[in-house]
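So the protein sequences, as listed, match chains W and Z. If you use my numbering, the first sequence corresponds to residues 386 to 676, in order. If you use my numbering, the second sequence corresponds to residues 8 to 582, in order.
Do not take every clue at face value.
To be verified - Which chain Z residues face chain W? A few, computed with CB under 8 Å, are given here:
id, residue
1, Val185
2, Val429
3, Glu433
4, Ala438
5, Glu439
6, Val443
Claimed, not checked - Just a sample of chain Z residues kept apart from chain W, beta carbon distances all over 10 Å, derived:
id, residue
7, Ala14
8, Pro23
9, Met136
10, Glu154
11, Tyr158
12, Ala183
13, Leu208
14, Asp247
15, Val302
16, Leu313
17, Asp360
18, Ile395
19, Gly427
20, Asp434
21, Asn444
22, Arg517
As the list claims (entries may be wrong) - Here are the simulated lysine-lysine pairs, BS3-like style, with alpha carbons at most 30 Å apart:
id, chain 1, residue 1, chain 2, residue 2
23, W, Lys532, W, Lys507
24, W, Lys470, W, Lys542
25, Z, Lys17, Z, Lys84
26, W, Lys542, Z, Lys161
27, W, Lys532, Z, Lys161
28, W, Lys542, W, Lys532
No lab work stands behind these hints: they were computed from the structure. Everything numeric in this text was worked out from a predicted model, so none of it was measured. Ideal placement from N, C-alpha and C gives every residue a C-beta, glycine not left out.
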Amino acid sequence: MTQAISGSGHQVDASTVLLGAQDVTMRFGGLTAVNNVSLTVHPSEIVGLIGPNGAGKTTFFNCLTGLYRPTSGEVRFNGELLPPKPREVVRRGMARTFQNIRLFHNMTALENVMVGMYSRTKTNAIDAVFRLPRHRREEVAGTARAKELLAFVGLSKAADSLSRNLPYGDQRRLEIARALATEPKLLLLDEPTAGMNPQETRQAEELIFRIRDLGLAVLVIEHDMRFIFNLCDRVCCLVRGEVLVEGPGEVVQNDPRVIEAYIGSSQDDDDQFESPQDAPRDSTEAGEGDA
Amino acid sequence: MRSVIPAGVKARFRLPARLVGMFGAALMIASIFLSWSYGHDVLDDVGYYGAPSPLQLFFGLLALITLGLLAIPLVGKERLGQWAHVLAWNTTAKTAAIWSLAMAAVMVAAIAIGLGGLVNVDPGGWLAMIGGVITLVATLFLPDSPEPTLYLVKSPQWLQILAIVALMAVVLFGAAYVLGFDDAGGFLTFITFIVGVAMILQKFGVFGWVGIAAANNNRVLVLSAFAVAFAFPFTQDGSDANMSIASQVLIFAGTALGLNIVVGLVGLLDLGYIAFLGAGAFTAAILSGSAFSTVDWTPPFWLTVLISGTVASVLGLVIGAPTLRVSGDYLAIVTLAFGEIFRITMNNLDGNDGPNLTNGSNGIPGIPDLVIGGFDFGEAHVILGVDIGRFANYYWLMLVVVAIIIAVFMNLNYSRIGRGWVAIREDELAAEAMGVNTFALKLLAFAGGAFLAGIVGSVKAHYDVSVTPDQYVFLESAFLLAAVVLGGMGTVTGVLIGATILKLLPEKLRFFSEYRLLLFGLLMVIMMRFRPEGIIADKRRKLEFHDDDELAEEVEQDLKTHHRHLNPEPKGWDL
């Protein structure tokens with residue numbers, strides 16, 4: 386194992402493996418959405434997952450987080466085999482955001498974050514009905530922690546607004562705060578800057594660095610190339626469900642196959658074109674994952 | 008209401024419009040001193056000259072409010088100071104005119120229907136109608152007021168508490184008065200009056216302020232609401248008829264609140280909920296010591312309540328465990344089927360097709376009245392010089408039960424469990440992906456809701472004296488669901504209001520009860536079109552209801568700047 390060094394000079398401990406996906410394959414009937422993909426993530430590492438639309442990135446995410454049970458292959462977290470149940474995955478320390486924001490729209494930002502703490506708290510119905518000490522203790526601690534997390538992502542002032550009333554960029558950040566509330570060791574972000582303007586993208590980049598500095602590893606799907614190569618220690622490029630190339634940013638960036646996959650692989654993918662400068666783009670990657 | 012008259016025309020005619028409106032309002036006030044009907048057997052006898060009946064006085068009050076809303080701005084914007092723009096004078100005057108006319112129309116219609124034809128309407132009635140139309144047309148020419156901002160006005164706490172207590176007192180006497188009507192015309196007239204006053208207060212901005220006051224003094228509000236509910240039997244002067252309705256309303260509301268956990272918080276459509284009420288009622292009946300009960304053991308009532316709740320929640324688990332794996336429409340159909348299975352099973356547990364538990368379709372009659380700590384619920388007691396009959400006793404018991412259910416509902420709602428439930432309702436997959444144990448929580452909601460229904464059932468068994476399977480048909484489940492949807496899913500106040508409407512209207516309006524399925528269906532369609540969130544909307548929003556002063560001030564500031572932004576200059580009414 387080599388020591389990877391990111392652009393910011395951050396040291397990654399490559400001797401331990403946090404997430405190890407081995408030969409993950411996901412078939413839907415005759416369609417192989419993810420084919421023999423292997424990926425490792427080390428603690429405090431930011432890994433990027435890129436690839437044209439329909440490459441199977443989100444499907445791979447769903448396999449990692451237990452929403453799908455992979456047709457074959459295994460996913461290990463901290464050396465332990467992950468059960469294909471989302472809430473068990475969360476309990477073990479992996480949390481995610483969604484490509485098309487899936488907040489609890491009629492709950493306040495604070496409540497959204499507190500839902501994230503569900504698996505780390507123990508208040509049961511009896512505690513709640515009789516307002517027993519455990520309820521009060523966890524409620525006070527949870528509210529304080531949720532406010533901290535909101536402050537961390539820069540949403541202190543929005544704590545009491547309904548999440549559906551938040552601006553788009555704030556909703557993305559709230560989703561990250563909600564995921565952080567599950568106390569993860571690895572955060573999976575599915576297109577965290579989709580639909581954001583350049584300024585918001587820079588804020589998101591800075592936020593992800595701060596998350597990494599907390600000691601978390603981050604696995605991020607993104608189309609914005611400048612964003613991903615600024616951010617990531619390592620980048621993995623998926624094409625048609627298979628790993629095309631994986632390695633440090635500079636290596637992937639200059640690989641002719643990656644450029645071909647994005648620009649030259651088909652005729653009708655103008656809307657998938659991503660120039661490194663600025664990218665007008667749909668905020669959602671329609672269909673992927675539901676294929 | 009969108010205005011049909013251009014702003015320019017309004018600006019030109021605003022003074023004449025105000026004066027003409029005042030003239031119309033004066034006509035309405037004058038009309039109450041005239042006879043409205045030729046005969047005397049309609050409403051509360053409105054057939055005298057110079058002696059207004061109570062209903063005519065209420066109409067006069069509405070007209071007087073209209074007159075006041077039109078006249079007071081005449082003193083000038085400077086004299087009114089901040090009141091010129093924190094209150095919505097012109098818009099409210101229009102609302103008052105609409106409801107005055109509506110009340111006059113209801114009364115005239117009641118006279119015409121009650122006595123057989125419009126010929127029975129005397130000059131007073133016509134004068135009131137003419138005055139109403141004049142006022143309404145005139146107020147249409149008034150410039151619109153901006154949204155009232157009374158809720159931003161700071162007020163001392165004693166004033167807020169006083170307002171809440173006064174409101175509750177008005178609610179008590181209003182409720183007592185409205186239940187006193189035994190004719191549909193008078194009932195509807197008074198309801199129109201109440202709705203009219205409520206709409207006027209709403210438009211004027213008073214309710215916005217009361218809402219803030221209520222949120223700031225939550226304890227006072229809850230305590231005074233229960234005090235009012237507790238005091239209600241004393242207004243009935245020993246009459247059983249209304250207390251019977253009131254107890255039924257509470258039984259219905261308590262069950263609907265339990266259903267509200269399942270439907271309102273978790274978002275699971277349960278069409279067989281009445282089975283849990285039935286399970287509780289049958290359990291209590293079997294353990295009641297009735298001559299027809301099939302089990303000899305008669306535990307004390309508190310134990311019966313717990314057993315009934317437990318039996319119902321076990322049934323909830325049995326129904327829930329297999330069915331909660333499906334969702335949406337499928338769940339609705341499966342629960343509907345289970346509701347029917349429960350009823351048919353109760354019909355068949357008669358000793359022929361299985362053990363004799365329920366005497367089949369005869370059910371268990373002759374359930375004795377409760378005696379708790381020497382207090383016999385079947386006997387009338389004289390308290391403070393007022394006869395408190397059997398129904399009032401059960402009313403008080405149900406009040407305690409409903410209070411407990413509300414406390415359970417609220418405590419669960421604002422806890423880790425409640426947040427998990429609402430998260431499931433909002434997005435089940437995201438909830439699961441955030442670590443929420445969705446299946447266990449849904450099962451808990453089913454069992455918990457069933458437990459509450461079982462508790463209500465145990466009281467209902469004694470209240471009804473007899474328990475039979477045909478009391479627990481699908482239609483009752485549908486009505487429970489209607490109460491929840493009509494009132495506002497996920498809210499307590501809304502469901503209480505919804506349950507009251509659905510129980511009270513058929514009892515008071517004979518023609519309503521004949522067509523109640525048709526009319527409730529129509530009501531639901533209208534609600535879904537115009538106010539799908541129900542009468543009270545569940546916002547889970549604490550913005551205005553925050554006791555954190557710093558934040559409250561910040562929010563307030565935000566709101567102020569927001570309003571400035573909308574209305575660059577607070578222009579208020581124009582004269």
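- Run the C-beta distances from Val302 of chain Z to all of chain W and say if the shortest one exceeds 10 Å. holds (29 Å)
- Item | Pair hint Lys542 of chain W and Lys532 of chain W, alpha-carbon separation not exceeding 30 Å | holds (10 Å)
- Query: Would Asp360 of chain Z pass as off the interface with chain W, using Cβ distances and a cut of 10 Å?
  - Reply: Holds, since 37 Å exceeds 10 Å.
- Item | Supplied contact hint for Ala438 of chain Z, tested at 8 Å Cβ to chain W | holds (7 Å)
- Item | Restraint status (C-alpha distance of Lys470 of chain W to Lys542 of chain W at most 30 Å) | Given pair Lys470 of chain W, Lys542 of chain W is violated - Cα atoms ~34 Å apart, limit 30 Å.
- Query: Closest CB-CB distance from Leu313 of chain Z to chain W, is it above 10 Å?
  - Reply: holds (14 Å)
- Non-interface claim for Asn444 of chain Z: all C-beta distances to chain W beyond 10 Å? Asn444 of chain Z not clear of chain W: closest Cβ-Cβ about 6 Å, inside 10 Å.
- Interface-negative label, Met136 of chain Z against chain W, beta-carbon threshold 10 Å: Non-interface label stands for Met136 of chain Z: nearest chain W Cβ at 45 Å, farther than 10 Å.
- Message: Holds or violated: the hint that Val429 of chain Z contacts chain W, with Cβ atoms closer than 8 Å.
- Response: With Cβ-Cβ at 6 Å, under 8 Å, it holds.
- Message: If we take the beta carbon of Glu154 of chain Z, is the closest beta carbon in chain W still more than 10 Å away?
- Response: holds (19 Å)
- Using Cβ atoms only, decide whether Val185 of chain Z comes closer than 8 Å to chain W, and label the hint accordingly. violated (34 Å)
- For Pro23 of chain Z, which was marked as not at the interface, is the minimum beta-carbon distance to chain W over 10 Å? Per Cβ check, Pro23 of chain Z is outside 10 Å of chain W; nearest 44 Å; holds.
Violated hints, listed in ascending order, are 1, 19, 20, 21 and 24; each of the other numbered hints is respected by the structure.
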